[in-house]
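**Student:** Position chains H and B against the provided structure of chain U, taking the given hints into account.
Residue numbers (this note's numbering), protein chains in the order written: chain U, 755 to 1324; chain H, 993 to 1353; chain B, 4 to 342.
Because the hints were derived from the structure by calculation, they are not lab data. Watch out, some of these pointers could steer you wrong.
[As the list claims (entries may be wrong)] Within a straight-line C-alpha distance of at most 20 Å, the following computed DMTMM-like cross-link-like pairs (lysine to aspartate or glutamate) qualify:
1) B:Lys-66 with U:Glu-1113
2) B:Lys-242 with U:Glu-1113
3) U:Lys-1012 with B:Glu-326
4) B:Lys-167 with U:Glu-1113
5) U:Lys-824 with B:Glu-338
6) B:Lys-169 with U:Asp-908
7) U:Lys-1012 with B:Glu-330
8) U:Lys-1012 with B:Glu-331
9) B:Lys-56 with U:Glu-1113
10) B:Lys-53 with U:Glu-1113
11) B:Lys-149 with U:Glu-904
12) B:Lys-39 with U:Glu-1113
13) B:Lys-149 with U:Asp-898
14) B:Lys-316 with B:Asp-162
15) B:Lys-169 with U:Glu-904
16) U:Lys-1012 with B:Asp-162
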Amino acid sequence: MTGEGVAAGTPGRLRGIDRALPVWVAVVLVLVFLMALPLGWLVWMSVSTEAAGPTLGHYAAVLQSPAMLKALWNTVVLAFWVGLASVAVGAPLAWLTARTDLPGKGVMRALVLASFVTPPFLGAFAWVMLAGPNAGLLNVLWRDVTGATEPLFDIFGMPGLVFVVTTYTFPYVYIMVANTLALIASDLEEAAAILGAGRFTVARTVTLPMVAPALVSGFILSVLQALALFGSPAILAMPAGFHTITTQIWSLFQYPPKIEQAAAISMPLLLATALLLLVQKRVLGRRGYAAVGGKGGQRRTIPLGVWRWPALLGCMAVMACAIFLPYGILAKAAFSRAWAQPLTWSNLTLGNFTFTFFEYSATRSAIVNTLELGIATASVGAVMVALLSYVANRRLIVGHQVVAFLALAPIVIPGVVLAVALFIAYTRPPLILYGTLTILFVAYLTKEMPVGYAQSDATFRGIPPELEEAGRILGAGRLRILRDVTAPLARSGIIAAWCFIFIGVIRELSASIILFTPATKVMSVVIFDLKEEGQFGAIAVLGLVMLALTFATVGLVQAVLGRDVLGVKD
Amino acid sequence: MPGVSLKALTRRYGDVAAVADLSLDVKPGELVALLGPSGCGKTTTLRLVAGFLAPESGEIWVGERCLSSPRQVVPPERRRMAMIFQSYALWPHMTVAQNVAYGLRFKSGLARTDRARRVTEMLRVVQLGGYEARYPGELSGGQQQRVAVARALVVEPEILLLDEPLSNLDANLREEMRFEIRRLHEAFGITTLYVTHDQAEAMVISDRIAVLERGRVVQVGTADEVFLAPRTRFVAEFIGKTNLVEGVAATPDTITVGELRLRVGAGGLKPGARVALSIRPHDIALATPAGAAGPGVNALRGTVQRASFLGDGVDYQVRLAGSDVVLRVAAPASQRLRAGDPVDLRIDPAACVALAAEERA
Amino acid sequence: MLPIVARTLAFATVVLFATLASAQDARVEAARKEGKVVWYTSLALPSAEKVAKLFEAAYPGIKVEVHRTGSERILGRVMQELKANIKNVDVVHTSDAGHFVMFKGRGLLTKYTPAGVEGFPAGFKDKDGYYYGLRATVNAIAYNTKALSAAEAPKTWKDLLDPKWKGKLVTAHPGYSGVITTHVAALVNLHGWDYFKQLAQNRPMLVQSAVDPSGVVASGERVVAVNGGDYTFYQTKKKGNPLEIVYPREGVPLVVSPTAIMSFAPHPNASKLFTDFTFSREVQQVMADSEGLYTGHPEVRYPADKPKLSELKLLTVDPEELEKRGEEIRKRFVEIFGA
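Chain U on its own, in the form it takes in the complex (with noise of 0.2 Å):
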């Protein structure tokens, strides 16, 4: 990035666009009303009482409570355990596409961009189909195979958690590995090589340390999913008796609601996300880690021989794990009248369909509600970080570097945290959004900012300022120019923005569940109201739905950018 060149030229630009400039400034009040507000109102309900001055009561309370404490310690078990299976999957599995022989690459890829867009609650329940410790599927087979009397696999507890979180959060290490094996070029490993180190010393000593920064991230990318995540510990961990703080916080506000209690024990979540992203800054920060040295950043497959065959069954266990056996089950309920039926011609049945599209009056609105929301928070986000990115880009306002703290900063709320926070300053005057579909916009829009900002920044650093200047230079203005060179340029990577935005909305769970009333109800909602009826085949053919919308989102950016929306270059 040419800093110096822009840096010099900042007055110039600042002349040039002081009428754009009230726009780039409310676009970041905007930016710091969302966040602050919400977050105020949080810290102040935290210490606060009906009558009297600031307590530290609900903190007391929280920290005394054994249920809290234990809630507390659950998450923190399940966050760690999932941080490191994750690392332990996603890094292999990550390594072997990247750097060796192993055939099929381009499925695996596809199947782990599957398995990081499916909702987590989705496959959670999925599971419970098929390792129910009776009725689920695997088990029933395992008995049927083995005589056992026991089943092999109990879903519903903190094992089958962990695995359940772990199989769709693999895919932000597979990401964050997969992107710095790009960078490392073979030399560095064929000069061990010939140097005397066998595949898997080299493997050890040379790429591990390389990838060391990545997976550390990973990790604790993944460790703060788990801490966020609702929906799975809700089916999996609340039936064997115990809680998470997201499942926590959720039912302290089941009538008569504390949601003081609420905020006190949202903070420390909320301060152990931010301190992880800030040790997770620190530790990509180390940019030595680059590739040093002269030209030559070819990288050539390694050979894997005799594993070639093991290595391919393993990721195809894993894949079966994520996507084969869930997906299938999924479809099995949603055609099937009892799904722990076998699938005989009598058990098939559309009669779900008909019962979720036509019997069942919430479905409809959930689904009108959920693409409203999902194609206005997407349109009206994809704008927003178009502007913020540009602007912290280009460096057109003093304090462009705050913009993009701003913009990546919900990224630090849970959404559980989020949607207590929106609730409790939107449920009171002046402004009450509290049961319209307002608040769960403002909720989405605050959420899945980073996500679209990392995206539209990424692809403004794609856009050399030259290209802009060169324009400038024969004469066009600054407004002539964003619509002539930069819009069109900027096009592909800005539609990825929109649609990575409305999948994150529309398979939004953990905000929703506090923030909707009967009346404005998401997919989401209604899948895990489903759940607490037992309606298995409307879950299904409702999370078929959500998977359908996903994935035609998906293949639109993937048409559109031309590449595998994973970032992973070939």
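**Tutor:** Structure of chains H and B alone, referenced to chain U:
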């Protein structure tokens, strides 16, 4: 110290043969340069020798061991070689000392103290004494290159492979490093294969040069041989600048080009055959006004078409009278002719080298 | 065969009756102008949707917006909306009578007596006329017939404490369901909290809705449901699932599910029309026939394969008691069972 023997190696990429029936013998302790333009197969050859690629046909022998054949390839880690890459391939997460020491851990019988001692010693040899604790990211290009050299030499390999190691350095450093590498070669005497596209580099560094064209060795010889007696048009044009003159042999030692007759020093031409001559611009002298041509020296007349003053000489383009042959002449700056001036040229027959007949252009 | 014919006839009669009635009733016009009724109900989803569709067929032009969730969730919803000044709901119907005591106490209900409830038993009527019992069910035990024979099945509530049932039980949650709140209250009155402490030792699976245990037992995921609305068990059994119901001799907790119109209902006329409809003999008969529910209506005939209320020993809990002890019950349950 063993030598390297490449026997009829072939290796394809898709339909194209990167290396086609390539044979070469490198004597023990010799430094042979693999010289050629990009795409000629020199890097592929090097990687075949290193064991990163397997030959489709042919064999690679090092001393008494056959290391590569279509059936079996000894993996790189067991070939007792070392390689210096174009990108240096220094590991950024290890210090200079750790980089250099890496290969020593695979040598049995070396105590840790011995390793450390060898590392320190080698760094001193490449004039990086005291840099042990630095990281590659903190070093300049030239320093990184010397670490790469140290890392390769410290393991006392049987064969040393270098893949265009100087191409990332700026011109001055490159010149300096050429001599440095030659010095190290003479000090350690390891059998070496050196890949480069820069003929000046090859001529300075190597004992012999193997010129590669399209996957084959077209000429092997010392710098003298290759420069003064190129065998093919390709070699003549690739090594240094040259004029190519085509004519028909009249007698065993003369050819006719249009109305001109040129005497060819080596003789042995087949009368009536088409012959191409290579004449180096430096070998064409401008006749002094007083001088007459010596016996047997080719005396030609022509007109200067273009004159470029280069500081340490002048580059002329001269059209010969009586034909449409244009010769490039490199003359000292003592005489300054201009375009349009008539000029007499003197060419020693020994400087007219007949090239081998080629079926293809 | 016969039940199907009976049901169709009942349906037809309902539609006919209502259509005739509607031609005469001016109130119907007012209701039509309002256009819809928003119904927060804890009645099982298929049953609730069925009642809604019946109403819509009888009164074209008036939609019923069904929002089904557990009784305790409905309470939370209503209170939350109230606090945020959202007036969305017209008719509230849950299985926790305590809610209605509280609503009445805060002046949140419209006083309205549906047509035809004079003959209902006292337990189905609020003496002040604000809420009436729309349906009733009892908590019973259910077991999977493929896994257990009738002889092996538990016969009493106390039987469930036997360690041999460890890992094989499923319970619903008073934090979600009013039916279960009543169950827990009744059993605490019968056997004390120690009963549940011991039950927890058998590590039952925790589900939320009183509808859920029937599915869990039918699928074979767990073998015995320790509570649940008997109407859901009945429906599941009728669909051909391998499930059988046990009405313990110690007594079965009776759950009368009241319904009321909120004082701030945005569609008051439609609400009253809807309420009348649901209390009509025809609709109450439909609830008894196809949904397996008990009702307060004296003229409703019940299926032969269901025990009559008069044959069962009923454990009742006062609505006032439910209102006072509701929170305590939920809290202790969570403490004992973990979530």
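**Student:** Now look at each hint and say whether the structure bears it out.
**Tutor:** Status of each hint after checking the structure:
Between the alpha carbons of Lys-66 (chain B) and Glu-1113 (chain U) the distance comes to roughly 13 Å, so the proposed pair stays at or under 20 Å and holds. Restraint check for Lys-242 (chain B) and Glu-1113 (chain U): satisfied, since their Cα atoms lie roughly 18 Å apart, inside the 20 Å limit. Simply put, Lys-1012 (chain U) and Glu-326 (chain B) have alpha-carbon atoms about 19 Å apart, close enough for the 20 Å limit, and the pair holds. With a C-alpha separation of about 41 Å, the suggested pairing of Lys-167 (chain B) with Glu-1113 (chain U) is violated against the 20 Å cut-off.
A hinted pair counts as satisfied when its Cα atoms are at most 20 Å apart, and Lys-824 (chain U) with Glu-338 (chain B) qualifies at roughly 12 Å. Using a Cα cut-off of 20 Å, the hinted pair Lys-169 (chain B) and Asp-908 (chain U) holds, with the two alpha carbons roughly 15 Å apart. In summary, the hint linking Lys-1012 (chain U) to Glu-330 (chain B) is supported, as the alpha carbons are separated by about 13 Å, within the 20 Å threshold. With a C-alpha separation of about 15 Å, the suggested pair Lys-1012 (chain U) and Glu-331 (chain B) falls inside the 20 Å cut-off, and the hint holds.
The hinted pair formed by Lys-56 (chain B) and Glu-1113 (chain U) meets the criterion: a straight-line CA distance of about 8 Å does not exceed 20 Å. As the CA atoms of Lys-53 (chain B) and Glu-1113 (chain U) are separated by approximately 8 Å, the hinted pair is consistent with the 20 Å bound. Of the supplied pair hints, the one linking Lys-149 (chain B) and Glu-904 (chain U) holds, its CA atoms being roughly 17 Å apart against a limit of 20 Å. Proximity of Lys-39 (chain B) to Glu-1113 (chain U) is assessed by CA-CA distance (about 17 Å); at most 20 Å being required, the pair is judged to hold.
At roughly 15 Å between alpha-carbon atoms, Lys-149 (chain B) and Asp-898 (chain U) fall within 20 Å of each other, so this suggested pair holds. A distance of roughly 17 Å separates the Cα atoms of Lys-316 (chain B) and Asp-162 (chain B); the hinted pair therefore holds under the 20 Å criterion. Between the alpha carbons of Lys-169 (chain B) and Glu-904 (chain U) the distance comes to roughly 13 Å, so the proposed pair stays at or under 20 Å and holds. Annotation: proposed proximity of Lys-1012 (chain U) to Asp-162 (chain B) is violated, straight-line Cα distance about 37 Å (limit 20 Å).
Hint compliance for this structure: hints 4 and 16 are not met, and every other hint is.
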